[in-house]
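**Student:** Residues per chain are reported as follows:
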Amino acid sequence: MTDEAKKPDHLKLVPEETLDEEEKEFEALRRDLPGFKGAGDIGMLSITPRRQPSPKNVFFRTHPTFRPIVPLVNIEIGMDRHFVAVMPHMIEPLAGIGITVTDHVLYLIVTDLGGVQIIPVRGPNEEGEQNEWDRTKEVALIAGTTEWVRMYSDKPNNAYKRFPAPASRFGEPKWPDVKPARIMRMAFRDKGRLIDSTDHILVQKWAGRDKD
Amino acid sequence: MTRTDDTSLLGQPFEQDLQTREALDRLFARFSRVILEDFEFISRPGERPDVVCMVFLDLGAGQTTRLWRDQLTDKLPYDDDDTLVVSFVFNAEGVCHLSLCQPLPKNVLDLSPEFKCHVNGKGIPRKNQGLIGALQYFGLDSIAPKRKDAMRERIMKGWPFTAEEREQILDYCAEDVEMLRQLLLKLLPHIDLPIALHRGEFVAALARSEHIGVPIDMEIFPQLPDKKTWREIRDSMVPLVDVHGVYVCDKLGEWHFNSARFEEVLAAEMISWPRKEDTGKLDLRRKTFESMAKAYPQIEPLRQLRYIRDKLRSIQLSVGHDGRNRTVLWPFSSKTSRTQPKAKHWIFSPSVWLRFLIKPDPGTALAYIDYSSMEFGGAGALSNKHVPGSNNPMLGLYGGGDPYLDFGKTIGLIPPDATRQTPGVEVIRDRLKVLCLGVQYGMQTSTLATRLGVSETEAHEMLRFHHELLSQYWHWSEDWLHHSLSSGMMHTVYGWQCATGITELSERSIRNWPIQSTCADIFRLAYVWGTRHGLTLIAPVHDAVLLEAPEDRIERDVTLMREIMRRASRVVLGIELRTDVKIIRYPDRFTDSRGTELWDTVLKLLAERRARMAETVKEKSA
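Residue numbers (the numbering used here), protein chains in the order written: chain A, 6 to 217; chain B, 2 to 623.
Because the hints were derived from the structure by calculation, they are not lab data. Don't take every hint at face value.
Stated by the list, open to error - DSSO-like cross-link-like pairs, simulated, lysine-lysine; straight-line CA separation at most 30 Å: (1) B:K336 - A:K29; (2) B:K107 - A:K29; (3) B:K128 - B:K345.
Computed from a predicted structure; not experimentally measured.
Hey, can you work out the whole structure from these sequences and the hints?
**Tutor:** Here it is in structure tokens:
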């Protein structure tokens, strides 16, 4: 039996105002304040920069306007490769210790499973030449701005190929209501992957000054 | 003082003392009096406690008071205004107060749930989560367990006590209070007082429920605990319930579950049953049976029969002389903070047919008020805030009234205009319920295929639909998993917590935890709130409450409780969960469709036995 529709001749013994007051009292007990986040408001949207949409062959859409160009280092850390962002004033010091920084265009994608990811694409070099993998990756990402697509690697041709999803299989993508600056912060700074000074642990390591 | 002395003062012991002192200061800033109390009592199954003595310590004054039973009255022995009462497992103390006709203290701090919350997920076995275990955890001395057992044994033997025994028992009770004081000082820096008081209020509300008990039909119940009668019924019900002949009778007349025959039944019913990976034999565990019975209701009677044969060798339901089922409700027992009474003593055990024994007293009525699809709605609400501003389809499905039916319609398994009454739809809906709740906690394709009786390809496709349609939930669940493992801790909005990475490593368990624990938060809030308004809540049953009221007031009390439950879900989740209600008026009894067949069988067998006995008596007298 469900009842919510019929409002009873209501709670004559307990006025609604009393319940309202008590509701406020119980609300005050919630512990989702900053520093003690609860399940409801944990707000742990995480964005990870990846070489290609993950998992492989997943359908995705690309954000139509998010397109910053950021200097990045693509480096092996532990057993994985990671993208590390570099502040402009750190490019030269890094070059001094043999670390090459390259400009990348960042694309924001959302997968059909709701994953939000950043896919960096390395731009062309000074001669205007671009790696074929990067060029075809960018083509697929741009196609994703208007339709659901998935990309897969065509190894014999050293390129990515794209495959559009059947029409109306997926609805319109849902983008997180987060400002671009916060996206960048979540993807790099919050993960310790933004080199903004020579004190950064990676710079110390590359310069051979870390304790290990 | 030299610099070295300064440094030594800042060492850990001093730091800890400082934290305790600060916490004590905060405590005394809030309350003018802090009382630590403990009772000794004689407990008998189903009866209210027979209080032997009580000892309490006024922490501020440092004064201990020892009171024997004849010194206790119907008033609290201390001034309760602006007082905090500290205890360990307060529901025990609470029922003692109530059995003495004393009011319950207004402010309760129960150290048992606080300690459980502190060590939850940290690998402390449940048996070491009592008072002695808690003291040992903090490296404190405690009473020797053997001495504790000996004293408890003597107390349980009951009256009369010699003068010497009286002194020993009072000493023992005072030792418990002293242990309580030591534990309080250690735990205090870890306690969030407003939340702890809320938990204490819930434990006090449960003490009321324990005190009142659940009304049992005393015309039928007394026939069941008799071992001979029950053995006869257990044996006689096998051929009646087991229509497929899965049980086989040996030469001694004992019935045994026959796996080969069960396999034949499964083949005939076209049920693909889970098997053990190593041996390939049928997986006949209780949990597997429970899960499969939800997907295949035709095996539910067999499941219950199996439970009766294996687990219910005797009926040990704790029923008092006043016809009330009472047992310790053990709040905060599970890692998700759910209440877990001992199944064999509790009327709401897995033997659903036993619930038919619940019968209101004349002039009263009972109401079973249940949150509907609570876990689905809760999961939708928790993941709703994950991507601000978006419309979570999970909440859309919940809002439609029947999320499982609507999910079936969305993925095309159920026709758009079908209802639960449409022939064939109920079975699909029940299976989709298994799907929705199972995959929510990480059920994989192969298990799902087995549970639903579909091919792995179909199960894979259904999972895929679920992931696509409810992608927001999956995104949240994935993030929850990673966040919990990387931070090493999970929290609910009402402060219940569980460490991860020590014993909590299973993906399914971590995904499940926030939903179950948040539902427990909501339930606790509603229970406390309802009790504050004088509603007689007599039993917590997972996501439901059993409410008792005079017949002419039941509708009004139900209305109020449902309003409270609606608001409680709003406070915790930000959305309102629906409730269903079933009112049982005297002389009707509690019913549950899952147990009807077995209950009818038991009644029939009892009647036959009575008739046989009457005939025997007649023959003898003739």
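**Student:** Decide, hint by hint, whether the structure agrees.
**Tutor:** Hints versus structure:
| no. | hint | in the structure |
| --- | --- | --- |
| 1 | B:K336 - A:K29 | 28 Å, holds |
| 2 | B:K107 - A:K29 | 20 Å, holds |
| 3 | B:K128 - B:K345 | 19 Å, holds |
Of the hints listed earlier, there is not a single one the structure fails to meet.
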